[in-house]
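First to last, the protein sequences are chains Y and A.
If you're matching positions, the first sequence starts at 44 in the working numbering and goes up one per residue.
If you're matching positions, the second sequence starts at 504 in the working numbering and goes up one per residue.
Going by beta-carbon spacing under 10 Å, a handful of chain Y positions derived as facing chain A:
1. Asp432
2. Leu437
3. Ile450
4. Gly454
Simulated restraints, written as ranges between beta carbons of each label pair:
5. Pro481/Y <-> Ile517/A: 34 to 40 Å
6. Arg624/A <-> Lys466/Y: 20 to 26 Å
7. Ser653/A <-> Ser122/Y: 51 to 57 Å
8. Arg624/A <-> His115/Y: 52 to 58 Å
9. Met697/A <-> Glu458/Y: 32 to 38 Å
10. Gly96/Y <-> Ile517/A: 44 to 50 Å
11. Leu111/Y <-> Gly651/A: 48 to 54 Å
12. His422/Y <-> Ser622/A: 44 to 50 Å
13. Gly651/A <-> Lys55/Y: 52 to 58 Å
Don't read these hints as lab results, they were simulated from the structure.
Backbone N, C-alpha and C define an ideal beta-carbon position, used for all residues, glycine too.
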Amino acid sequence: MTTATLPAAVGKYSEAFASFAEANSDAPEWLKAVRSQAWATFSELGIPVKRRGNELWKYTDLRPLAALDFEHGIGGSVSLDEIKAAGPWDDAWDTVVVVDGVFSAELSNLQGTAGLTAGSLAEAISSGTGDIETQLASLAGREEYAFTALSTAFVDDGAYVAIADDADPATPIHVVFVTSNASGSRASYPRLLVDAGANTLAVIIETHINLAESAQLSLPVVEVFAKPGATVRHYRVQMENELSYHLGTIRVHQLDDSSFNSTTFAVGAVIARNDIHTQLDAPGASCTLHGLYMTSGTQQQDQEISTTHAKPHCTSKQFYKGILSGKSHAVFSGKVVVERDAQKSDATQKDLNLLLSRGAEIDAKPSLEIYADDVTAAHGATAGHVDRDTLFYLQSRGVDEEAAKAILIRGFAAEMLDEFKPKALYEFVERVTDERIPVLLAESDALGTA
Amino acid sequence: MLEIKNLHASVLDIDDSEILKGIDLKVGKGEVHAIMGPNGSGKSTLANVLMGRFDYVVTEGDVLIDGNSILKLRPDQRAHLGMFLAFQYPAEIPGVRPWQFLKAALDSKADANGEDKMSVRNFSKLFDEKIEAVGINPNLVKRSLNEGFSGGEKKRNEMLQLEVLQPSLAILDETDSGLDVDALRIVAEGVNSMRSPERSFVVVTHYQRLLNYITPDVVHILVKGKIVKTGGPELALEVEKDGYKQYMAEAEVNA
Ligand SMILES: Nc1ncnc2c1ncn2[C@@H]1O[C@H](COP(=O)(O)OP(=O)(O)OP(=O)(O)O)[C@@H](O)[C@H]1O
Ligand SMILES: [Mg+2]
Chain Y
44 MTTATLPAAV GKYSEAFASF AEANSDAPEW LKAVRSQAWA TFSELGIPVK
94 RRGNELWKYT DLRPLAALDF EHGIGGSVSL DEIKAAGPWD DAWDTVVVVD
144 GVFSAELSNL QGTAGLTAGS LAEAISSGTG DIETQLASLA GREEYAFTAL
194 STAFVDDGAY VAIADDADPA TPIHVVFVTS NASGSRASYP RLLVDAGANT
244 LAVIIETHIN LAESAQLSLP VVEVFAKPGA TVRHYRVQME NELSYHLGTI
294 RVHQLDDSSF NSTTFAVGAV IARNDIHTQL DAPGASCTLH GLYMTSGTQQ
344 QDQEISTTHA KPHCTSKQFY KGILSGKSHA VFSGKVVVER DAQKSDATQK
394 DLNLLLSRGA EIDAKPSLEI YADDVTAAHG ATAGHVDRDT LFYLQSRGVD
444 EEAAKAILIR GFAAEMLDEF KPKALYEFVE RVTDERIPVL LAESDALGTA
Chain A
504 MLEIKNLHAS VLDIDDSEIL KGIDLKVGKG EVHAIMGPNG SGKSTLANVL
554 MGRFDYVVTE GDVLIDGNSI LKLRPDQRAH LGMFLAFQYP AEIPGVRPWQ
604 FLKAALDSKA DANGEDKMSV RNFSKLFDEK IEAVGINPNL VKRSLNEGFS
654 GGEKKRNEML QLEVLQPSLA ILDETDSGLD VDALRIVAEG VNSMRSPERS
704 FVVVTHYQRL LNYITPDVVH ILVKGKIVKT GGPELALEVE KDGYKQYMAE
754 AEVNA
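Model the full assembly from the supplied sequences, consistent with the hints where possible.
Written out as structure tokens, the structure is:
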């Protein structure tokens, strides 16, 4: 006897999708097709609650998420001061602000930088800017992945950033996704499309801040196209409130000699996932994926990091660091696939964790799948505690145990913090780290020392 | 200043692991004492026990500073009393810059003793002066504490901390080993310039070499956890010439 079970939680989104589709019936045909195809994919998959036999969600229990109801299409208002207080900010940056999924011209700060097109995604869609029709949802949303599918089904507004060939905007482009403090639990689908022209240099900071006090769902999707010779330095700051769910996706397509560097700072949400895939699709492309995650309480932070070496002479580097306390949990799943043609590939993966308590758990699984024969590759993952000899060294100089631990944790994080190059960004992540360390220490125990 | 009375110490959680087997030692204010002895005789253990390291237990005896027992004090509290240990093998601490760490150390000492903290400006000045004094490469101290430092650089960095923290009792555990002649001279000059009627030194060393530059007031020979002979600087020369053999025999007889 077989029992047909409906994919989890599809019903919770179907009404919202129906009314969204109806309200947007005048959208371009290509976009409507993208949405309905994505919805079809999601309705087959549902929220992934099955863990056994499911590599992607083996260590992550999404049943609490699947049980929640989220409202759609409700927006609130925020002030510039609130945004500045909750995330990194520099007046010199070109800033695109998206509140509850909707671009805000009023809060954005765009200074007409030469070669830069930045602003509303909805507007770029309606005016058919650049290659948007072929690019949007071409990297994310057509795959068999529930969250990009659900997010793409509701794709509407967000941020669009294009850098013209040979342009070199010296200042960072900051994209801020804000969840306002409007009441209720709401779903939002922040979307960013980056089109980096040939031989450009673009610095893009993607910030997620959450001013609400209740559980929110955020399913951000970022697509990056790096043309030949483009250099994209991407930073991601994830500052959700501790009740929220944040399952973000970044998909990057890289052409000849392009380079994509991404550094993530993840401290928020009850369950958060940073799912990055870079496709090294032409010779000479390289990517460096970095991140620092810190978890306390019952938080969970997942890093799902994958790179495909599709062509020869490409380089990829994955390096993440985590600091875990309380009963928190982190997953590092690093994957590198080197395809048959991708000779002379160079790939490294590393994940280092500092566990401060008995209850903290890290599941790290770096993996290499290599089908070419001339490849340099290395991978490793460690989970360690605060070292007692080192503690004694610091204490012998007059620093008490608590302060010595804080110094060691800060030292562990330093290498990643240093990756945040723009000054105001560095200062922000440094400040948040310094504020977070006492919280982590308060939930640490003797077992976190070895 | 420092008084060690019949000190016995073992390794924590290991039965029958007594390393220090009844040490008596008195170091007066302003004195420099050298402790010499063969490998494994307990010199580093003594230094670490004095500083309050977690993996040793004192089973008998006492250690007094200015007449007060310090055995119940934590390492940081001992540091606040003016004690300092220059490690034989200093820890490597990634991501921690010596500047920040030393400022934190100085601040907590000031806090504990109810003194004002040094301003960042004055501290920077002091720090730069001391960097020059110990001849450490200024670029090094911008890096992580001891990480990737050569053996000699680590020892110079210990001297830098000694100079900045200005302790009243400095214990140097083989700060001379692994140093070239120039570095050795710098260590010796550092100690000599800091010698004062208010400051005492316990210098653990294998070699007479360092004692050519630092003239100790008293030399002790430590063998198998016991001080088997105490004398003046000439004792170091004797060791240099004849080795520890004769004292080993004495230790056997005493055991
Ligand atoms: N934590 C420990 N656990 C186990 N054994 C120890 C420990 N510390 C010291 N010992 C042992 O105690 C003895 C004395 O060691 P110690 O390091 O004090 O010698 P030392 O005189 O400093 O030697 P060296 O000249 O080589 O530096 C050695 O046999 C050593 O192996
Ligand atoms: Mg020793």
